[in-house]
Amino acid sequence: MSTTFRGMDVVSIRDFSTEQIEHVLKIAEKMVPAAKGEERSVLLEGHVLGSLFYEPSTRTRLSFDAAMTRLGGRVLGFDQPSGASVAKGETLADTIRMVDAYCDVIVLRHPHEGAARMAAHFASRPVVNAGDGAGQHPTQTMLDLFTIRKEKKKLEGNHVALVGDLKYGRTVHSLSEALAMFGAQLTFVAPPSLQIPKEHLKQIESMGQKPKMSSSLEDVIKDIDVLYVTRIQKERFPDPAEYKKVAGMYRIDLPLLKDARKDMIIMHPLPRVGEIDPEVDGTPHAKYFEQAFNGVPVRMALLSLILGASR
Amino acid sequence: MKEFKVTPIRNGTVIDHITVGMALKVLKIVGVKEDTNSTVSVLIHVPSKKAGWKDIVKIEDRELDPKELDKIALISPNATINIIRDYNVAEKFVVEVPNVIRGIMRCSNPGCITNQNEPVETEFVVESKKPITLRCVYCDRTTTQVAENVQ
Numbered sequence: 168m169s170t171t172f173r174g175m176d177v178v179s180i181r182d183f184s185t186e187q188i189e190h191v192l193k194i195a196e197k198m199v200p201a202a203k204g205e206e207r208s209v210l211l212e213g214h215v216l217g218s219l220f221y222e223p224s225t226r227t228r229l230s231f232d233a234a235m236t237r238l239g240g241r242v243l244g245f246d247q248p249s250g251a252s253v254a255k256g257e258t259l260a261d262t263i264r265m266v267d268a269y270c271d272v273i274v275l276r277h278p279h280e281g282a283a284r285m286a287a288h289f290a291s292r293p294v295v296n297a298g299d300g301a302g303q304h305p306t307q308t309m310l311d312l313f314t315i316r317k318e319k320k321k322l323e324g325n326h327v328a329l330v331g332d333l334k335y336g337r338t339v340h341s342l343s344e345a346l347a348m349f350g351a352q353l354t355f356v357a358p359p360s361l362q363i364p365k366e367h368l369k370q371i372e373s374m375g376q377k378p379k380m381s382s383s384l385e386d387v388i389k390d391i392d393v394l395y396v397t398r399i400q401k402e403r404f405p406d407p408a409e410y411k412k413v414a415g416m417y418r419i420d421l422p423l424l425k426d427a428r429k430d431m432i433i434m435h436p437l438p439r440v441g442e443i444d445p446e447v448d449g450t451p452h453a454k455y456f457e458q459a460f461n462g463v464p465v466r467m468a469l470l471s472l473i474l475g476a477s478r
Numbered sequence: 002m003k004e005f006k007v008t009p010i011r012n013g014t015v016i017d018h019i020t021v022g023m024a025l026k027v028l029k030i031v032g033v034k035e036d037t038n039s040t041v042s043v044l045i046h047v048p049s050k051k052a053g054w055k056d057i058v059k060i061e062d063r064e065l066d067p068k069e070l071d072k073i074a075l076i077s078p079n080a081t082i083n084i085i086r087d088y089n090v091a092e093k094f095v096v097e098v099p100n101v102i103r104g105i106m107r108c109s110n111p112g113c114i115t116n117q118n119e120p121v122e123t124e125f126v127v128e129s130k131k132p133i134t135l136r137c138v139y140c141d142r143t144t145t146q147v148a149e150n151v152q
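If you're matching them up, the sequences are chains R and G in order. The opening residue of the first sequence carries number 168 in my numbering; numbering runs sequentially from there. The opening residue of the second sequence carries number 2 in my numbering; numbering runs sequentially from there.
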């Protein structure tokens, strides 16, 4: 298995087979004690990660930093392009070629779709996509899968409802495709204006799945194992009143959850802006903070695999 | 008596069965400008047995290169190319849409990295040839709006 991962770019979840994803999740499981600081690891001692964040990010950047540091490696880079040569007009291609000479693996967050694929083209070191505009965010998908598998003990057969901005939300597109690959049952809950795009629906149907569509969370809450909530982005709405109407439609609170299965879990890629009432945080359903932590072992697993330190 | 609207050419290329309405785009692709030295004939909205209507472009003293043929295939997949040498049809073939398109089209996604002045050639995978559907290798966006994006 190591030969298939060593030097591999992580650009899109579509680049991975289900067997490869399973393997990453298995290694991630083993990384949990080191991710929590309960064990010390020197697996990536002497390795350097180049962390290029052209857009603000809290969780993704910090969890990559934590992952590399927990494995004994070092991180260099920037978290805003203003101070870098980018501000002087350097192309991404040139920045990548330079950083490629300074480190062993490159992690890139960029506002333009396809940036990571292009970076992988110019870099000789492996490139990990940490989000490219409205495009892919494969490590988020992997940590979401890890969370579902950890909490539900399996990926296949779970009934997962995805709710919120299903049209523009990048996490939802790659997660739903990956869940379909693993045989999960999907229900998309959104107002018609924010429903899942047809091309994604087609892609999921081509995997033999028949997802359901609904605009009512109340109708589906009783029947689901996982509720994946996403933020409805204000900037997508020209009319603030329309935004308020839509945003308020899917507020997750205690009254809504009274009909839910006891072991139903709630996930959210965070940050949340009122989609989930803080009262819910204390219930056994809430798994979004565990989900955010899971970014660390999953990224540790990926980094150690592509740098050839894990098999 | 059969009426010829345009006379036969001695040497050059006749692009026949162009999708009706695409002749001017074909001229752009083959780079015919005001200062051209060749005689170029353009027939727009000509009756066609196969398609009902078609366009035709005849360019004298000029043969097309593979990139130009790929571009024509993208905007007019049924076009036929007749290479004329000394009044005879020396070669005749239907253009063919390649499986991978490199550099001859821009991505329809303004947010795609290939539209940001980076030193990178566009690349598309042809997902379907009828209708032509292309997927950008970089941003993953699929498009059927090909004619607007051929460069």
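It is worth saying that the hints were derived from the structure and are not from the lab. Hints are not guaranteed to be accurate.
To be verified - Covered stretches of chain R (chain G as the covering partner; in silico rule of three or more C-beta atoms under 8 Å from a C-beta of chain G):
| # | stretch |
| --- | --- |
| 1 | 183-190 |
| 2 | 257-270 |
| 3 | 297-305 |
To be verified - Each computed DSS-like pair below joins lysine-lysine, with the alpha-carbon atoms no more than 27 Å apart:
| # | chain 1 | residue 1 | chain 2 | residue 2 |
| --- | --- | --- | --- | --- |
| 4 | G | K29 | R | K365 |
| 5 | R | K412 | R | K425 |
| 6 | R | K320 | G | K130 |
| 7 | R | K377 | G | K29 |
| 8 | G | K34 | G | K130 |
| 9 | R | K369 | G | K130 |
| 10 | G | K131 | R | K369 |
| 11 | R | K411 | R | K369 |
Each residue gets a CB set at the ideal place from its N, CA and C atoms; glycine is no exception.
To see whether the hints hold, each was checked on the structure:
Check result for the stretch 183-190 of chain R against chain G: violated, 0 residues qualifying (beta carbon to beta carbon below 8 Å, three or more required). Three residues within the 8 Å Cβ limit are the bar, and the stretch 257-270 of chain R against chain G gives 3, so the coverage statement holds. With 5 residues carrying a beta carbon less than 8 Å from a beta carbon of chain G, the stretch 297-305 of chain R meets the three-residue requirement, and the given coverage holds. About 34 Å separates the Cα atoms of K29 (chain G) and K365 (chain R), which puts this hinted pair outside 27 Å; it is violated.
Restraint check: the Cα-Cα separation between K412 (chain R) and K425 (chain R) comes to about 23 Å, which is no more than 27 Å; the hinted pair holds. The straight-line distance between the Cα atoms of K320 (chain R) and K130 (chain G) is roughly 43 Å, outside the 27 Å bound, and the hint therefore fails. Proposed proximity of K377 (chain R) and K29 (chain G) is contradicted: the alpha carbons are some 45 Å apart, above 27 Å. Taking the CA atoms of K34 (chain G) and K130 (chain G), the gap is near 30 Å; set against the 27 Å cutoff, the hint is violated.
For the hint pairing K369 (chain R) with K130 (chain G), the CA-to-CA distance comes to about 18 Å; that is within 27 Å, so the pair holds. Taken as a hint, the K131 (chain G) and K369 (chain R) pair is honoured in the structure, with Cα atoms around 17 Å apart against an allowance of 27 Å. Note on K411 (chain R) and K369 (chain R): the hinted pairing is violated, with a Cα-Cα distance of about 30 Å set against a maximum of 27 Å.
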